[in-house]
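*Asks:* This is what each chain is made of:
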Amino acid sequence: MGKTLFEKVWDNHIVDTVDGGQEILFIDRHFIHEVTSPQAFDGIRKRGIGLYDKNRIVATADHNVPTKDQHLPIKDELSRLQVDMLTHNCEEFDIDLYGLGHKNQGIVHVIGPELGVTKPGMTIVCGDSHTSTHGAFGAVAFGIGTSQVEQVMASQCLLVQRPKTMRIIIDGELGNGIYSKDIILYIISKLSTSGGTGHFVEYAGSAIRSLSMEARMTICNMSIEMGARGGMIAPDQTTFEYIKGREYAPSGQQGEEALAYWSSLYSDEDGVFDKEYVFNAEDIEPMITYGTNPGMGMGITQHIPTTQEVERPDNLLQSLHYMGLTPGASLLNTPIDHVFIGSCTNSRIEDLRIVADYVRGKKKADNVQAFIVPGSKQVEAQAKAEGLHDILFEAGFELRGPGCSACLGMNEDKIPKMEYCVSTSNRNYEGRQGPGARTLLVSPLTAAVIAVEGKVVDPRKYLNEEAPA
Amino acid sequence: MEKFSTLLSPAIPLVQENVDTDQIIPARFLKATSREGFGEHLFKDWRFDEQGHPKSDFILNNSEYSGSILVAGENFGCGSSREHAAWALVDYGFKAVVSSYFADIFKGNALNNGLLPVQVSPSSLKELLAAIQSNPMTGIEIDLEAQLLRVPEIGIQEHFEINPYKKTCLINGYDDIDFLLSQKEKISAFELKHIEF
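Quick note, the sequences are listed as chains A and B, same order.
Under my numbering, the first residue of the first sequence carries the number -4, and numbering increases by one thereafter.
Under my numbering, the first residue of the second sequence carries the number 213, and numbering increases by one thereafter.
It should be emphasised that the hints constitute simulated quantities derived from the structure, not laboratory data.
Ideal Cβ placement from N, Cα and C applies to all residues, glycine included.
Among the clues, some could well be false.
Computed Cβ-Cβ distance ranges for the label pairs, DEER-style [unchecked claim]:
| id | chain 1 | residue 1 | chain 2 | residue 2 | range |
| --- | --- | --- | --- | --- | --- |
| 1 | B | L404 | A | P411 | 26 to 36 Å |
| 2 | B | E365 | A | K49 | 54 to 64 Å |
| 3 | A | D263 | B | E403 | 23 to 33 Å |
| 4 | A | T233 | B | L360 | 24 to 34 Å |
| 5 | A | Q303 | B | A342 | 53 to 63 Å |
| 6 | A | D166 | B | K405 | 32 to 42 Å |
| 7 | B | K338 | A | T233 | 42 to 52 Å |
Here are some chain A residues the structure puts well away from chain B; computed CB gaps all over 10 Å [as the list claims (entries may be wrong)]:
| id | residue |
| --- | --- |
| 8 | V30 |
| 9 | T82 |
| 10 | T126 |
| 11 | N275 |
| 12 | Q313 |
| 13 | N362 |
| 14 | R395 |
Straight line, CA to CA, 27 Å or less: simulated DSSO-like cross-link-like pairs of lysine-lysine [stated by the list, open to error]:
| id | chain 1 | residue 1 | chain 2 | residue 2 |
| --- | --- | --- | --- | --- |
| 15 | A | K358 | A | K239 |
| 16 | A | K41 | B | K396 |
| 17 | A | K(-2) | B | K398 |
| 18 | B | K256 | A | K41 |
| 19 | A | K185 | B | K405 |
| 20 | A | K270 | A | K239 |
| 21 | A | K409 | B | K398 |
| 22 | B | K267 | A | K3 |
| 23 | B | K307 | A | K41 |
| 24 | B | K256 | B | K267 |
| 25 | A | K409 | A | K3 |
| 26 | B | K256 | A | K49 |
| 27 | B | K398 | A | K49 |
| 28 | B | K396 | A | K409 |
| 29 | A | K(-2) | B | K267 |
| 30 | A | K41 | B | K379 |
| 31 | A | K357 | A | K185 |
| 32 | A | K41 | B | K405 |
| 33 | A | K412 | A | K379 |
| 34 | A | K379 | A | K3 |
| 35 | B | K379 | A | K412 |
| 36 | A | K3 | B | K396 |
| 37 | B | K215 | A | K3 |
| 38 | B | K405 | B | K215 |
| 39 | A | K412 | B | K267 |
| 40 | B | K405 | A | K239 |
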């Protein structure tokens, strides 16, 4: 019997199977950041053991860093302490750290791929649920808790239960003004926030094949938002082109061997998935969320469900009460206070290009505060080199330094209570962007159009003539 | 990790579905560098108003309910991988969470901290929530060895699944690292033949 892409990569990393079916899974790369690593380092010290292999760990500071005045000491004492502790731990254990101020610093799921650390066929973990991002390269990548961060530091392995497999096929062509963020928000709205639990997802189909690496990362990134353990896409020419020439990419003879191996990473025709869904790209509209979990999304011209249309009206009403919205209403023309473009979902160079292309020569609406947070120092430098910074600045967008920023209400960037934020991030949970903040998740293009119009609109009605493909 | 055997306690009913880890412990409280003290911030924004006063409509602030078991709506613990969510529940005093569905990462984090996730059928969950709401002192017994959840008062006795290895760990108070460290030779041997680009 053939194997699925997931099985090929997973099976290649099994050290042993133990009682009860748990498997010892070897981990090739371990990304760490300041929030979920201190207790793990502490555990390693308390046990009096060293790291299994420091060379398999890559560290950066992202969750807690300010996005303004990054050259100054961090003002918030606890944030500073946590970032300093990461620096101290990396020094003590001799780990490569791309800390604040380093030319490669950035959001962990942005820097891994851009440095060429993330490669097809790898197992990759990080104490962060959006580690699924790296699956876009055909890697098995997933988020873990701090106890597991310590396990990987100590043994380079995890003791895990093999997940089930799921394939989601998207065939057809996306309409104008519709992007990969719309695809994943559409899928989650169909499958719910728990529809993927226990499964590892492979995204396939012609609509997926036609996407750039940045767009694929956006899709895999949000796999966790339907509860899936991870998401992956079979590597192809697009993947190989992206990796070529990056700092940690293999080259020469090794590069050719790598390419031969990577080319074998696809699901065999007779590979079997535990679940399969097929969607049509033509059915996908620009998406927006109206509730307090990422499954509560809809096409931007649709109406919020009524209490009769849902299984648990109490949950819907609680969500809409928090959001200040009404069952059955349309979101069109809802005034917006903030537009946030950033996060590990949508802060890559392509996302910034889409926004800059749209706002070139336009101005943001007066009632909107619009800010853009690039995913990394490299994205920031590239945006400057391409002149995107000037375009965005002219349009009235505030440009910040790289970090997780307003995605998670942890650092200085928070959305005030009861204010609406149209956001390219990944979670619209209560309080996610700050206590009482109201989040509407969208694609970068939709965010850009809304920033200019000052209210929720259908971006397809505002496309520039030479709309980006 | 504390050993887990049998638990007999009344329970606290949290009827909301899809409770995410940002609700269990909001991100702004993740700045600590130790595992202690997170219980204070458990369900912070549901539990307290902006002035820090307890909100009377939140279940943890209702003095009728008590106990070391949380009975929660479907898909408990979705979202962020933060283990701080499990630490906060344990620090607050919970020893088990009962629901009809758990998010994967939360479930793993709970098991690694001696907090038992007990998955029951949606119909049992419904009955259980109704029973606790009508009598807050309803006793719930969780027998890990027998993998049974019993509520004698309403005649529920339901078997629950747990990985046999994780069960042994919980009963003995072991963690995965002790085991993995004992496998180092196998791991090194694997690494020698493992090809990676």
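*Asks:* Does each hint hold? Answer for all of them.
*Replies:* Hints versus structure:
Hint check: L404/B to P411/A, Cβ distance near 56 Å, so the stated range 26 to 36 Å is violated. Between E365/B and K49/A the Cβ separation comes to about 55 Å, which falls inside the hinted range of 54 to 64 Å. The beta-carbon spacing between D263/A and E403/B, approximately 27 Å, falls within the hinted interval of 23 to 33 Å. Between T233/A and L360/B the CB atoms are about 52 Å apart, so this pair departs from the stated range of 24 to 34 Å.
Against the hinted window of 53 to 63 Å, the Cβ-Cβ separation of Q303/A and A342/B comes to about 23 Å, which falls outside the hint. Distance hint for D166/A and K405/B: a CB-CB separation of about 40 Å, consistent with the stated range 32 to 42 Å. Checked against the given bound of 42 to 52 Å, the beta carbons of K338/B and T233/A, roughly 48 Å apart, stay inside it. With a cut of 10 Å on Cβ distances, V30/A falls inside the contact zone with chain B, its closest approach being about 5 Å.
With 10 Å as the threshold on Cβ separation, the claim that T82/A sits away from chain B holds: the shortest Cβ distance comes to roughly 13 Å. Not every C-beta of chain B lies more than 10 Å from that of T126/A, the closest at about 8 Å, which undercuts listing it as non-interface. Distance check for N275/A against chain B: the nearest CB is about 27 Å away, which clears 10 Å, and the non-interface claim stands. The beta carbon of Q313/A sits about 7 Å from the closest Cβ of chain B, which is not more than 10 Å, so the claim that it is off the interface is violated.
With a cut of 10 Å on Cβ distances, N362/A stays outside the contact zone with chain B, its closest approach being about 25 Å. Every beta carbon of chain B lies more than 10 Å from that of R395/A, the smallest distance being close to 18 Å; the non-interface claim holds. Between K358/A and K239/A, the direct Cα distance comes to roughly 38 Å. Violation of the 27 Å bound is thereby established for this hinted pair. Restraint check for K41/A and K396/B: satisfied, since their Cα atoms lie roughly 19 Å apart, inside the 27 Å limit.
Proximity of K(-2)/A to K398/B is assessed by CA-CA distance (about 25 Å); at most 27 Å being required, the pair is judged to hold. Restraint check for K256/B and K41/A: the C-alpha separation of about 31 Å exceeds 27 Å, so the hint is violated. A C-alpha spacing of about 43 Å is found between K185/A and K405/B, which places the hinted pair above 27 Å, so the restraint is violated. Simply put, K270/A and K239/A have alpha-carbon atoms about 34 Å apart, too far for the 27 Å limit, and the pair is violated.
A threshold of 27 Å between alpha carbons decides the hint, and for K409/A with K398/B the separation of about 47 Å lies outside it, so the pair is violated. At roughly 51 Å between alpha-carbon atoms, K267/B and K3/A are farther apart than 27 Å, so this suggested pair is violated. With a C-alpha separation of about 25 Å, the suggested pairing of K307/B with K41/A holds against the 27 Å cut-off. Restraint check: the Cα-Cα separation between K256/B and K267/B comes to about 10 Å, which is no more than 27 Å; the hinted pair holds.
Taking the CA atoms of K409/A and K3/A, the gap is about 42 Å. The hint is violated against a cut of 27 Å. A C-alpha spacing of about 37 Å is found between K256/B and K49/A, which places the hinted pair above 27 Å, so the restraint is violated. Annotation: proposed proximity of K398/B to K49/A holds, straight-line Cα distance about 19 Å (limit 27 Å). A distance of roughly 45 Å separates the Cα atoms of K396/B and K409/A; the hinted pair therefore is violated under the 27 Å criterion.
Among the hinted pairs, K(-2)/A with K267/B is inconsistent with the structure: their alpha-carbon atoms are about 53 Å apart, more than 27 Å. A distance of roughly 25 Å separates the Cα atoms of K41/A and K379/B; the hinted pair therefore holds under the 27 Å criterion. Proximity of K357/A to K185/A is assessed by CA-CA distance (about 35 Å); at most 27 Å being required, the pair is judged violated. About 32 Å separates the Cα atoms of K41/A and K405/B, which puts this hinted pair outside 27 Å; it is violated.
Simply put, K412/A and K379/A have alpha-carbon atoms about 33 Å apart, too far for the 27 Å limit, and the pair is violated. Of the pairs offered as hints, the one joining K379/A and K3/A is violated, with about 41 Å between alpha carbons and a cut-off of 27 Å exceeded. With a C-alpha separation of about 43 Å, the suggested pairing of K379/B with K412/A is violated against the 27 Å cut-off. At most 27 Å may separate the alpha-carbon atoms for a hinted pair to count; K3/A and K396/B meet this at roughly 24 Å.
A distance of roughly 38 Å separates the Cα atoms of K215/B and K3/A; the hinted pair therefore is violated under the 27 Å criterion. Our distance criterion of 27 Å between C-alpha atoms is broken by K405/B and K215/B, whose separation comes to about 38 Å. Among the hinted pairs, K412/A with K267/B is consistent with the structure: their alpha-carbon atoms are about 17 Å apart, no more than 27 Å. Distance restraint check for K405/B and K239/A: the Cα-Cα separation of roughly 26 Å lies within the 27 Å cut-off, and the hinted pair is therefore satisfied.
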